[in-house]
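Undergrad: Here the protein sequences line up with chains U, R and Z, keeping their order. Just so you know, the first sequence maps onto residues 1 to 260 in UniProt numbering. Just so you know, the second sequence maps onto residues 1 to 224 in UniProt numbering. Just so you know, the third sequence maps onto residues 1 to 295 in UniProt numbering.
Any given hint could be a false lead.
[Stated by the list, open to error] Each computed DMTMM-like pair below joins lysine to aspartate or glutamate, with the alpha-carbon atoms no more than 25 Å apart:
| id | chain 1 | residue 1 | chain 2 | residue 2 |
| --- | --- | --- | --- | --- |
| 1 | U | 23 | Z | 187 |
| 2 | U | 23 | Z | 171 |
| 3 | U | 23 | Z | 204 |
| 4 | U | 23 | Z | 245 |
| 5 | U | 23 | Z | 168 |
| 6 | U | 23 | Z | 160 |
[To be verified] Derived coverage of chain Z by chain R (criterion: at least 3 residues anywhere in the stretch with Cβ under 8 Å from a Cβ of chain R; other residues may be distant):
| id | stretch |
| --- | --- |
| 7 | 68-75 |
| 8 | 140-152 |
[Said to hold, decoys possible] From the derived model, a few chain Z residues whose C-beta atoms are all more than 10 Å from chain R:
| id | residue |
| --- | --- |
| 9 | 57 |
| 10 | 61 |
| 11 | 131 |
| 12 | 156 |
| 13 | 195 |
| 14 | 196 |
| 15 | 203 |
If you're looking for bench data, these hints aren't it; they were derived computationally from the structure. C-beta: ideal position from N, C-alpha, C; glycine also.
Letter by letter, the chains look like this.
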Amino acid sequence: MIPQLIEWLTDPAHWRGPDGIPKRLLEHLYYCLVAAGFATLVALPVGLFIGHTGRGGTLLVGAGNALRALPTLGLVTFLYLVVGGTQTATLIGLVVLAVPPILAGAYSGVQQVDRRVVDAAVGVGMTRWQRLWQVEVPNAMPLILGGIRNAVLQVVATAAVAAYVGLGGLGRYVLDGIRAVDYPKVLAGALLVALLAILLDVVLSGVQWLVVPAGLRTAGVGDVGRRRPRRPARREVRGETTDTGGGRVDGGAGHGLRKR
Amino acid sequence: MTLDELGRYLGSPSNREQLAEQFGQHVYLSLVPLLLGLLVAVPLGWGAQRLPSVRAVVFGGASVLYTVPSLALFVVIPGIIGTRTLDSINVVVALTLYTAALLVRSVVGALDAVPGPVTAAATAMGYRPLRRFLTVELPLAVPVLTAGVRVASVSNISLVSVGALIGTGGLGVLFTEGFRTRYLAPILVGIVLTLLLALVVDRALVLARNRLTPWTRSTPGGAR
Amino acid sequence: MVAVSTAALATACGSGDPLSEDTGPGNDGGGSTTITVGSADFAENQILMEIYAEVLRGTGAEVNTEPGVGSREFLVGGLEDGSLTVVPEYTGNLLYYVDTDAGETTPDDVYGALAERLPEGLAVLDQAEAQNSDVLTVTEGTAGRYGLETLDDLGEVCGELVLGAAGEWRDRWASRIQELYGCEFAEIRTTDAGGPITIDNLDDGTVDVANLFTTMPAIQEHGFVELEDTRQMYPAQNVVPLVRDGDLSAEQRDALNEVSARISTDDLTELARRVEVDRENYVDVARDFVERVLG
């Protein structure tokens, strides 16, 4: 199996044309980045706002949980038939799936900033705006970026499934390969999707490392620092974890809550 | 899409019969891996919590595994374990892996959270490690563990539908069939049933947790 | 394992017949007490599956169905390992599956080649006159603009046109259509196998030519023009029961052959229309057909 896979991957014919690896890879990347970008634009401000004001948190938790259970294939087929057109339908679908993790990351990130830190900010006379940007957002950064990482992983995986409603990208190899009983092709597609997911995750974890304030990286403020090292993509929100008797789910448990 | 159409779809006895069967498959394909994943994760987490080297390997493996998209894993599994390519067993194995990868962190986190004095007391009372683990640490870990299991169950239930792309049955078939004939009714029914199943299982897990952890019941604002 | 399942098929082709002697573990169908009929995952095939199941029940057999098993590889695998007893197949595609170099195109040639080249342990019963074959179609507008009636006509303008077809089309037909009709499309886009995407893309002009299937109700509904395959590029695709050799009694085989003798291409189109357009359940449609036509 491995030899055939290598043979498929190294066949020059598979690196050319509209069904070639570079084209499919770029398509996949393009859909993912556009969807994740849109989702961030929508979800980040909302998440920060809810986290900052504390209003609407319960609603958010409920909506997030429901969205998590939403089956991707059902969503994209439904959208294709209702909205029409592969691109619009799948982009909406990908955005819908990317929003909850980003929202949850931003919300719980801000929400879980040590109250003493926020109080101190109030004490030194910071305005709400200053508090949000200079205290809460930097402190929430690990969770915010964790949410984005999570969303990107999800979108990469979902875009593969969306090949079913005609989307290009790497999912084509998997689905077309299954139809044509061409297993090297199926495996090559699967491998490429997984590699892309891992690559993007690594890139984003690099970004995370660069963006997260140095103070949070080493010393740790409150428990934020403890959470950061391995998997900051914690999506559990307050109500969910407080009832665990003070014990917290390690961030990792929340990572990739919704696999696609 | 009218309610009429939905009514007509659900009005057909043949449709209902097939729905029941697909629902049954869906329950099987999502919950069996949940149980198996839990069975794998507990001993693995136990080891990882005690030995830092095991922890590094297990957590590293779990992170990588979690990056692999489901559709990819469904089709790669047969190559690894030698099952038939389009067998539903592949879905069971893949979801078991995801579940285990997710829960092993919960297990470690849960065990980490057991207060030191409690385990020390148990040890002092003469509990051997295995008995201490099963009768003291594991029960105390239930709340945190349940949080992980709830996440895994929702994730599994929504993931099983992807299996329809490789012909494994379950509610995902409603999506592919509905799509091919441009029929929204089965797609909607499939989505609603998936959400309902997720909700019911989630409630059941909360109930189970509350029964298993009577000491948390008096905690104000505790059980949700 | 991927390599293994293909290899298993190859071994089954070449070796003796472990299959026909072995009733298959976990399958009580060996002695024909329970028959399992499988199908691929599209409406017409599911209807045929249910028709087969219904007439087999008529012989007193206990019959299960496995709708939507998926690809041919899995259907054939199911027959080989005994989890399936019968599946409705199409001669041309089945022949291509067992022999990718097969050049036969007429119904009788294809059927004859199949009977010869099927792996040990599998057999085809009588083929029906009913066919569901590949066909290249264009919209009325395109047909008018370029004066297209046959694939010969298409060959002259292929270079300006985009084809939409399932992923496997390119590998199987791209060089063949060039050979026979001198046709090299400007682009071949992967859509789906005669599903909504192909149809929508043909409708909205994303593709100019689409590979559809002759019994699809959508061809009439959308007024697509079928281009005649004058040089027989596409092989015949007669409906045929593919069975586990020796698992069915003579009476049961006769019942399936009776279906083949009675069912026409028009029937296929009509049955598919009832499921895909009128949205009846395929089981009801199949039973109704058995009652009306075979009862």
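Undergrad: Decide, hint by hint, whether the structure agrees.
TA: Evaluation of the provided hints:
Restraint check: the Cα-Cα separation between residue 23 of chain U and residue 187 of chain Z comes to about 14 Å, which is no more than 25 Å; the hinted pair holds. With a C-alpha separation of about 18 Å, the suggested pair residue 23 of chain U and residue 171 of chain Z falls inside the 25 Å cut-off, and the hint holds. Of the supplied pair hints, the one linking residue 23 of chain U and residue 204 of chain Z holds, its CA atoms being roughly 24 Å apart against a limit of 25 Å. Proximity of residue 23 of chain U to residue 245 of chain Z is assessed by CA-CA distance (about 46 Å); at most 25 Å being required, the pair is judged violated.
With a CA separation close to 18 Å, the supplied pair residue 23 of chain U and residue 168 of chain Z stays within the 25 Å bound. In summary, the hint linking residue 23 of chain U to residue 160 of chain Z is supported, as the alpha carbons are separated by about 22 Å, within the 25 Å threshold. Against chain R, the stretch 68-75 of chain Z contributes 6 residues with a C-beta closer than 8 Å to a partner C-beta. That satisfies the three-residue criterion, and the hint holds. Residue count for the stretch 140-152 of chain Z with a Cβ under 8 Å from a Cβ of chain R: 0. That is fewer than the three needed, and the coverage hint is violated.
Residue placement check: residue 57 of chain Z keeps its beta carbon more than 10 Å from all beta carbons of chain R (closest about 15 Å). Distance check on residue 61 of chain Z: its Cβ is at least 20 Å (rounded) from any Cβ of chain R, clearing the 10 Å threshold; non-interface status holds. Every beta carbon of chain R lies more than 10 Å from that of residue 131 of chain Z, the smallest distance being close to 21 Å; the non-interface claim holds. For residue 156 of chain Z, the requirement that its beta carbon stay farther than 10 Å from each beta carbon of chain R is met, with the minimum near 34 Å.
Not every CB of chain R is more than 10 Å from the CB of residue 195 of chain Z (nearest about 5 Å), against its label as outside the interface. Against chain R, the non-interface label of residue 196 of chain Z is violated: not every CB pair exceeds 10 Å, the least being about 6 Å. No beta-carbon of chain R is positioned within 10 Å of the beta-carbon of residue 203 of chain Z; the least distance is around 13 Å.
The earlier numbered hints that this structure contradicts are 4, 8, 13 and 14.
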